[in-house]
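S.K.: Here's the letter readout for the chains.
Protein chains: 2
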Amino acid sequence: MTIDEKILIFFLNAVGSNVGMNAPITRPYRRIATEEGWMTPEMAAMYRTALQDGSIDDPGFRSLWGFFAGSTSERAATLYRRIQDLDDERLRDMDALGIDMQLLMLTAPGVQCFDAATGTALARSTNDTLAATVRRHPTRFAGMAAVAPQAPQEAAKEAERAVRELGLRGVVINSHTQGEYLDDPKYWDIFAAVEALGVPLYIHPNTPSPQMIEPFLPRALDAAIFGFACETGLHVLRLIVAGVFDRFPRLQLVLGHLGEGLPYWLYRIDFMHAGIVRANRSPGAKPLQRKPSDVLRQNVHYTTSGMCWEPAVMYVHGLMGADRVMYAMDYPYQVVADEVTAMDALPLSPADKAAFFAGNAQRVFGIAPGPVLTEGKP
Amino acid sequence: MTIDEKILIFFLNAVGSNVGMNAPITRPYRRIATEEGWMTPEMAAMYRTALQDGSIDDPGFRSLWGFFAGSTSERAATLYRRIQDLDDERLRDMDALGIDMQLLMLTAPGVQCFDAATGTALARSTNDTLAATVRRHPTRFAGMAAVAPQAPQEAAKEAERAVRELGLRGVVINSHTQGEYLDDPKYWDIFAAVEALGVPLYIHPNTPSPQMIEPFLPRALDAAIFGFACETGLHVLRLIVAGVFDRFPRLQLVLGHLGEGLPYWLYRIDFMHAGIVRANRSPGAKPLQRKPSDVLRQNVHYTTSGMCWEPAVMYVHGLMGADRVMYAMDYPYQVVADEVTAMDALPLSPADKAAFFAGNAQRVFGIAPGPVLTEGKP
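Just so you know, the sequences run in chain order A and D. Take the first sequence: its position 90, counted from the start at 1, is 90 in our numbering, and no numbers get skipped. Take the second sequence: its position 247, counted from the start at 1, is 247 in our numbering, and no numbers get skipped.
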């Protein structure tokens with residue numbers, strides 16, 4: 001497709017018609033995938049070194065990256081190559097899959113597995129790399145800033161630098177940091193900075209913390225199959241119960257994998273939380289200004305990473321509303337063209353479909369509207 | 001209501017008409033609640049002793065029963081009284097709530113927190129007590145047999161005795177037993193016995209095992225609010241991935257709390273399990289004859305305990321089918337008349353509604369059909 005054809009299609013999309021065209025496009029919406037992983041070759045090398053010399057002993061890290069960096073399987077080898085590419089292969093894949101834009105985030109555990117000084121420096125350098133990538137391909141990529149919570153004040157400063165100076169669209173944290181959770185007030189300067197910046201905080205999964213991973217390991221249930229959800233759902237509930245959203249009512253989270261299961265539990269969480277508070281069961285669970293389900297409806301957005309399956313997507317869409325559910329693919333962990341087709345076929349109105357694939361992401365992450373760029377199927 | 005009136009109502013229900021009656025009943029179905037808790041005063045005393053002398057150091061047990069047996073809150077005191085009653089107060093509550101029959105199971109962790117000899121003896125004695133209760137109120141109660149997995153062969157024998165000799169309707173196990181999971185083949189004689197008996201195995205929650213509970217504790221997230229689901233969902237996935245349902249294809253599980261979240265994850269579990277197996281990632285995750293979702297559709301039933309909320313119930317009903325979802329209240333943990341009303345209002349056909357409230361329970365647990373007995377609202 002030539003540039004002129006693309007401009008024409010953009011125009012026709014804008015006026016809501018493709019009359020007279022030989023049906024070169026079948027969708028009147030842009031597709032923005034909002035939870036797409038990347039890492040630098042430098043970081044991949046640091047992970048390999050840490051696996052070899054034992055300097056990172058987190059069992060989840062060793063299970064996950066021991067597999068992806070060490071397995072000779074086709075799945076691991078392909079992922080390990082794709083995740084380090086930010087140009088040719090990735091753009092070809094996006095074209096083939098029909099993805100106009102990826103919102104990139106440094107893959108888990110990101111910089112959170114290193115000592116504070118190393119993590120802080122690595123957050124800066126990878127954010128610089130990410131910003132340069134976005135400048136190279138401004139219509140194809142947007143990025144989320146990595147931070148190192150193990151140095152909370154530095155993390156808050158890096159969030160400000162990455163958003164204000166580099167133009168990144170928000171902050172991503174991969175659940176626990178060396179077994180610690182963000183409900184500890186020593187981390188709350190990060191929430192204050194993110195809220196003040198007016199950008200979202202993506203709580204991406206990590207493998208379960210060392211304190212809880214053991215029963216997941218014997219049957220390889222520690223990662224995306226189940227452990228991610230237990231770990232990350234627990235983390236978000238810890239934030240809610242701790243009163244983070246009383247203190248930072250404008251803070252907006254984004255959760256992948258359709259909210260790590262929390263939408264399933266809205267009713268039960270409210271019921272049991274009320275009972276716990278009424279009975280004064282724990283000093284860690286004080287009364288809140290709103291029900292947990294209100295926070296989950298008003299302070300959280302949900303992406304479909306790894307969950308591009310109509311029953312669950314429509315369940316969350318119905319509960320959380322058309323403005324809180326966003327498309328994500330989870331590239332390069334889950335690269336399935338049929339899932340894009342399945343999301344195209346969701347029983348949504350044209351307006352809700354466009355919000356799902358692009359409009360919500362543009363609003364939540366402050367991404368500029370843009371044309372349908374990809375040429376490939378579907 | 002007199003016995004004659006009850007017989008008349010039964011007759012009118014049977015012929016599908018209440019013409020001429022002064023509208024004394026409003027529902028043409030019996031309500032069987034299928035996950036209702038009880039314990040003996042003897043067991044309550046043993047729990048108190050273990051809390052005091054430290055002979056049970058499982059942190060989940062100490063958190064849960066430290067609260068229910070020790071808190072002066074209204075919630076704990078009411079529950080602690082109700083759960084030990086098998087006659088007057090319970091029947092009055094059932095009448096007031098409109099529950100015709102409770103399927104009783106010894107509350108978690110049941111006998112699983114004691115040494116093997118104590119647990120085995122206590123399983124026998126509590127099963128005898130339960131069977132006597134059912135004999136006293138045969139139209140109001142049915143029961144599930146407790147077993148002590150810490151002595152697997154004895155547990156298999158007790159399952160046979162309790163079903164064949166006592167007439168109990170299946171077996172209940174409360175997730176982990178002192179940190180061990182049933183995917184260890186040393187426990188599989190229990191599955192063999194249950195499958196041969198043709199009765200269901202109810203996997204009821206327990207607090208997360210000592211190996212994973214720590215991050216749940218600081219915000220009181222260890223029990224029904226979230227920890228139960230992580231623990232029990234993980235346990236069931238361990239059974240599936242271990243090949244338990246290849247080995248025992250006729251084994252039927254029942255899960256409470258709408259399947260402990262697993263129906264949310266059907267697609268993701270299948271996708272990731274296939275990847276794990278294809279990559280030969282773990283010796284604990286070998287190829288299976290069926291997809292995990294097939295097992296969850298063909299070998300599992302789902303009750304609504306604690307989840308009597310239309311969005312989640314209808315989601316599971318749509319995925320798993322009208323013959324696999326059953327009503328449960330979770331008495332005395334969750335005693336809410338409005339939830340009964342909400343379940344009455346589910347958008348189901350009359351046939352599906354009757355299956356949900358009674359027909360499925362009668363078939364799955366082998367409970368004899370019976371009349372609508374309760375007099376109270378709703």
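None of these hints come from the bench; they were simulated from the model. Don't take every hint at face value.
For identical chains, the list gives no copy identity; a pair is met inside one copy or between any two copies.
Listed next, the in silico DMTMM-like pairs over lysine to aspartate or glutamate satisfying Cα-Cα at most 25 Å (straight line) [as the list claims (entries may be wrong)]:
#: 1; residue 1: Lys291; residue 2: Asp93
#: 2; residue 1: Lys291; residue 2: Glu310
#: 3; residue 1: Lys286; residue 2: Asp95
#: 4; residue 1: Lys157; residue 2: Asp352
#: 5; residue 1: Lys186; residue 2: Asp338
#: 6; residue 1: Lys157; residue 2: Asp95
#: 7; residue 1: Lys291; residue 2: Glu74
S.K.: Does each hint hold? Answer for all of them.
M.R.: Okay, the hints, checked on the actual structure:
no.	hint	in the structure
1	Lys291 - Asp93	neither (42 Å within a copy, 28 Å between copies)
2	Lys291 - Glu310	between (28 Å within a copy, 19 Å between copies)
3	Lys286 - Asp95	neither (50 Å within a copy, 35 Å between copies)
4	Lys157 - Asp352	neither (36 Å within a copy, 58 Å between copies)
5	Lys186 - Asp338	neither (44 Å within a copy, 42 Å between copies)
6	Lys157 - Asp95	neither (36 Å within a copy, 62 Å between copies)
7	Lys291 - Glu74	between (46 Å within a copy, 21 Å between copies)
In summary, the structure is inconsistent with hints 1, 3, 4, 5 and 6 from the numbered list given earlier, while agreeing with the others.
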